[in-house]
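Visitor: Start from the sequences, fold in the hints, and give me the full structure.
Per UniProt numbering, the very first residue in the sequence shown carries number 1; after that it's consecutive.
Just so you know, the hints here were simulated from the structure itself, not pulled from any lab data. Just so it is clear, the structure is predicted and the values come from calculations on it, not from any experiment. A virtual CB, placed ideally from N, CA and C, is assigned to each residue, including glycine. Everything hinted at is true.
What follows is a set of in silico ranges between Cβ atoms, one per label pair, in the way DEER data are often shown: (1) Gln208 to Glu168: 46 to 56 Å; (2) Thr502 to Gln590: 24 to 34 Å; (3) Leu219 to Arg313: 41 to 51 Å; (4) Pro207 to Ile516: 43 to 53 Å; (5) Leu225 to Lys541: 37 to 47 Å; (6) Pro468 to Thr243: 32 to 42 Å; (7) Asp206 to Ala265: 21 to 31 Å; (8) Thr383 to Gln590: 42 to 52 Å; (9) Arg105 to Thr243: 50 to 60 Å; (10) Arg102 to Pro244: 52 to 62 Å; (11) Arg105 to Ala22: 32 to 42 Å; (12) Phe341 to Leu219: 18 to 28 Å.
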Amino acid sequence: MLNRILGREQGEQREELARLRAENAALKAENALLNRLSAPAPLLAFVQDNDLRYVWAKGPVAAFGPGVLGLTDLDIRNGRGKSAEGFTTLHAIKGRILETGRGERHMFRLEIPGETESRLYDLVLEPHREADGRITGIVGLGLDITVETARRGAVALAEAQAVKAEAERANRAKSRFLAAASHDLRQPFQAMRLFLHLLETRLTDDPQRDLATKLTESLDATEDLLNALVQISALEAATVTPTPTRFALSTVMERLAGEFRPLAAANGVNLRCVPTTAQVNSDPVLLDRMVRNLIVNAVRHTRKGGILIGCRRRGTTAQLQVWDTGCGIPADQLPFIFDEFYRGETAAGAPTAQSGQAKRDAQHGLGLGLAIVKKTATLLGLTVTVVSTPNRGSGFTITLPLAETVRAPAPRPVLVTEVRPAAAAPAAEPVKEPPPSPARNPEVKEPGTAEPPVKEPSKDQPPSGVLPSGVLVALLEDDPLQLAALEAMVEDWGCVPLAAPTPEALFEGLDKTDAIPRLVISDNRLPGNRRGMDVIAEIRKRYGGDVGGMLVTGDTDPQLMEQATAAGVVVVHKPIAPPRLQRLVVDALQNGTGQNGTGQNGTGQGGTGTGQGRAPAPPSPGVSPGSSRIAAAARS
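Guide: In structure tokens form, the structure reads like this:
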């Protein structure tokens, strides 16, 4: 009996052992199959029990060695010193999954023993459930995405670089377009202005002169719109690069005050400029443009009283201010006056214009000037504020950094630039607190205070001198309309013009005459990639350094201004009013602008040299001194 019982039990044990062996063999076979199937794939796989101890691992986790089984992530971190941060994060995530019963997906970076670089895994973690739904552990499966991520990163970088290169190409193309627009679009305006002036000199009755005046006003408005659009486009295209330098603030203030004083006086308004010794660090070209537009705005909206340009020192800053006693701006208009083409209703009842729909009347401007000032201030990193009281006036303030020390100003070029009341006006951010009253500072006085008037010629005044009769003036211009207009103008002034469309034709004409040219007036961009600067230099080489040189051009390249300054050549930016051009010709013929040396005084340095040549004459009315970049950009 006992033997039968023992035999039956042994048989059952043998069957159980055989079943276990079969299951173990099947498990090994499945594991081997899983290993073979996953071997080509960069997989990370593991199973952990309810205590988060590893019971099975394949891939990078198994690479930590056979001893990893039975350990938790914290044990691996503490005992092995590998991927401390990663294993700490993993342990916390797995604990949360055991509590919530919800799987999660994470990007996990793991440091592998024997490898110099870490690996990035896309890791999926799910709770391991029994048949009855109980959670007994964690199952994890991760895919190595290190190479794919690097590949995608390289593709994204290449795409970004391609987009950047295309944007830079488009930006360069836009820069070329703006330069061409600035130069080429000004050419016909110059011819129209010269012909119109000749027509005005020949009209005899008042109705005809009134028509010519209206035509002049229309031409002025068109030029203003062109200049404003070119400026705003250049700022939006980020083609303007500031060049901060140290300069005396008074050079900008006093020059602009002199230019606009006659215009203000014509309106019965006293424009004053309080001198200052402040030296600032900024871009004088762009600051000139900002202040110019602010003054234009003040002149346009002031019909009685005064306009004051002054400066206050505030700690390490200088506050350049433009005050007026004009119609003022209602408070609800201040947030919008700096939008492009916006011209709001003033306290005096000026018409309201919506953005982009402004009337193109000269009295109220184009609505671009304040937008230009705002964009320029942003470019320079300056603060522009405004306060205004309806029917009492407005005040604009530009805050600039003061220079630490005072240095002598650098040599400045000769520049001719047209200033008209319809030019674009400034921009700024509205202020929340008004600046102090001008009366609180001894450097700035209230508008209206008496001051001896300063005589400044306007663009329509005749020249102060008389042109020498019969002198030869060489004219070089490839545009036939401009050449014809310029030839008729010079002849009308009593000079003898020698006009040519190309340098070759000009030299051929000079060879046929015994007279020596006293002055050369030339465009800079000529056929055959020739330059007016080079032609003037060649004529001086033939006939002597005292031959005057003048470039009438739409080219605003700063390098051109620097070269012209060094060579003693006057640069006139198109379009220019004929009376002003006549004054410059008078000055050039009476005082001389040529030279015998390589510099302004024969030394090539522009200082106090000992050469025999004659330095350029001081700028005549309408010739604005300033840095070479001021000269280059004043009409851009």
